[in-house]
Amino acid sequence: MAQMFVSLGSAGFGEPFIADVMVSDLEDLAGYDFTVFYNPDILAVTGTSLGNTAFDLNDNGDVSDDPVFIARAEVFNTIGEARYAVVLLGGLSVTPRTSASLLKLTFMVDSSASASDYPPSICTGSSSLISLIPGVGTIEVPHTSTCASFMPSPDVALRSVGCRADLGGLNTQAHGFTDGLFCRVVNNGAQAIEVRADFFWGTGSASSPTMTLQPGAAAELRSSITVPNNNDVFIITGTPVRLITLPDSSVLTIPGESDTFKIVVNVP
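1 is the number of the first residue of the sequence shown in my numbering; add one for each residue after it.
FYI, nobody ran anything at the bench for these hints, they're computed from the structure. Fair warning: there could be bad hints in the mix.
[What the hints assert, rightly or not] Derived Cβ-Cβ restraints for the label pairs, each shown as a range:
{"id": "1", "residue 1": "Asp248", "residue 2": "Ile139", "range": "43 to 53 Å"}
{"id": "2", "residue 1": "Phe200", "residue 2": "Ser250", "range": "20 to 30 Å"}
{"id": "3", "residue 1": "Gly61", "residue 2": "Thr226", "range": "11 to 21 Å"}
Backbone N, C-alpha and C define an ideal beta-carbon position, used for all residues, glycine too.
Can you build the whole structure from these sequences, using the hints too?
This is the structure in structure tokens:
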């Protein structure tokens, strides 16, 4: 079955980002009509352009010289909707590549938004994909639609050994019941960020203190786990997290990549 989905480009906090409405697994396309829905309290469309892969008959990266007719192009930022209806003229249709771009929308994020507004979703709804079948005419193609959600870039990445325990095999007679946890991270962004590491396991969680990382700087974010007095195996996931304090003093947490490790506890 054909699929419509939204692909989001990466962007730093406060920067514009691109939402690309895509289609895949479609054998024939002659036109489309869909509405993109988004939260107007946090997002606003500042620019649109047709995708250059679906109806680029000349394969030159530009649809302005192709027989494309835009029947409707509407953006309503007050209600969070953008509608586009596009058709190929002259009884033409195309077989899109594995995936093809239909529409690109440039969004800006409201700088006064609260952490509770994240992550805002961008969805296609009320959508029609039209095929042109010789001897039959136009038919509507069944398809599914998938949303996407925008978050600013975490800008914090794992480095070296990633996240680990000080002692992967914890002998409580030799070491006690507390084991150190750490994530080695680096700021791969262009500005200073606030970061911490969060650790989760089946019965609990722990976090490192928060610290500031300058661009390109590396650090080891540390916490610990105290184990019960019995033999056990703890599967722990460590995640570096970027924290952004927004104008209303709420804190937006943006997780980076995670790493999972284990501690085998031996109680003699």
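Here is what the structure says about each hint:
no., hint, result
1, Asp248 <-> Ile139: 43 to 53 Å, "holds (50 Å)"
2, Phe200 <-> Ser250: 20 to 30 Å, "holds (22 Å)"
3, Gly61 <-> Thr226: 11 to 21 Å, "violated (59 Å)"
Checked against the numbered hints listed earlier, the structure breaks hint 3 alone; every other hint is satisfied.
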